[in-house]
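**Student:** Residues per chain, in single letters:
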Amino acid sequence: QKEVEQNSGPLSVPEGAIASLNCTYSDRGSQSFFWYRQYSGKSPELIMFIYSNGDKEDGRFTAQLNKASQYVSLLIRDSQPSDSATYLCAVNGGTYKYIFGTGTRLKVLA
Amino acid sequence: GAVVSQHPSWVICKSGTSVKIECRSLDFQATTMFWYRQFPKQSLMLMATSNEGSKATYEQGVEKDKFLINHASLTLSTLTVTSAHPEDSSFYICSASPGLADSYEQYFGPGTRLTVT
Chain Y
6 QKEVEQNSGP
16 LSVPEGAIAS
26 LNCTYSDRGS
36 QSFFWYRQYS
46 GKSPELIMFI
56 YSNGDKEDGR
66 FTAQLNKASQ
76 YVSLLIRDSQ
86 PSDSATYLCA
96 VNGGTYKYIF
106 GTGTRLKVLA
Chain D
6 GAVVSQHPSW
16 VICKSGTSVK
26 IECRSLDFQA
36 TTMFWYRQFP
46 KQSLMLMATS
56 NEGSKATYEQ
66 GVEKDKFLIN
76 HASLTLSTLT
86 VTSAHPEDSS
96 FYICSASPGL
106 ADSYEQYFGP
116 GTRLTVT
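Line by line, the protein sequences give chains Y and D. Per our numbering, residue 6 is the first one in the first sequence, and the count goes up by one each step. Per our numbering, residue 6 is the first one in the second sequence, and the count goes up by one each step.
Among the hints, a few may not be true.
To be verified - Now the stretches of chain Y that chain D is said to cover, found in silico as 3 or more residues with beta-carbon under 8 Å:
no.	region
1	48-56
2	91-100
3	104-111
To be verified - Taking lysine-lysine and the BS3-like style, the derived pairs with C-alpha atoms no more than 27 Å apart in a straight line are:
no.	chain 1	residue 1	chain 2	residue 2
4	Y	61	Y	102
5	Y	102	D	25
6	D	25	D	60
7	Y	102	D	71
8	Y	7	D	60
9	D	71	Y	47
10	D	46	D	25
11	D	25	Y	47
12	Y	102	D	69
13	Y	47	D	46
14	Y	102	Y	47
Hints listed in this document are in silico derivations from the structure and should not be mistaken for laboratory results. The beta-carbon is built from N, C-alpha and C at its ideal position, and this holds for glycine as well.
Can you build the whole structure from these sequences, using the hints too?
**Tutor:** Laid out in structure tokens, this is it:
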């Protein structure tokens, strides 16, 4: 059974701080990793994807991938109250079908 | 870029009737489209994967005769919930993938909230 695990949270951080969201996966053959943000009552929005070990930065977001340890993380710098949402980690093994984590709820406190 | 639309955004129907939901990729051709269902405070549940011009692949436990999926073109997939019942009330979300080489991103539509009375 291929699994993707996330801490459900809530993860509370003060405004302006760095929020660190983590995700572990069980399938060593996984090739592509995605972070989605989902606001309550809305559909997921793609934030970033990463394929290679290391860091990938896009604005205030940094995705980090460590395939040897089977984890992927998302860092949000200068967190804003508008970043408060559920963050979903998704993994696939080189096909279009994802395995989703259950999501981490982030609360950024003003 | 990578915009996916869904219609309707919400629908209320009576028990026993059928409801059709459309999913369109607006600015790219979608080789593959997906249909998900999400209950309150739960994660996304994949219902089926559809490829243009072929039959959809349903996940275990999803009734193919109840949830009819048609992917008639590279920009349009439809989900028809037949003989809907109150337990089918949920948030239905489609996603589409451009299908570029080594690129497996899925872009989600805004979702359709179905309420069956």
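**Student:** For every hint, state whether the structure bears it out.
**Tutor:** Right, here's what the structure says about each hint:
1. 48-56: holds (count 6)
2. 91-100: holds (count 5)
3. 104-111: holds (count 4)
4. Y:61 x Y:102: holds, 22 Å
5. Y:102 x D:25: Answer holds: residue 102 of chain Y to residue 25 of chain D is near 23 Å, not above 27 Å.
6. D:25 x D:60: This hinted pair holds, its Cα atoms lying about 17 Å apart.
7. Y:102 x D:71: Cα-Cα ~22 Å, so holds.
8. Y:7 x D:60: Within the cut-off at roughly 25 Å; holds.
9. D:71 x Y:47: OK: residue 71 of chain D and residue 47 of chain Y at ~25 Å, within 27 Å.
10. D:46 x D:25: holds, 25 Å
11. D:25 x Y:47: holds, 20 Å
12. Y:102 x D:69: Distance of about 18 Å is within 27 Å: holds.
13. Y:47 x D:46: holds, 12 Å
14. Y:102 x Y:47: holds, 21 Å
Comparing the model with each numbered hint stated earlier shows that all of them hold.
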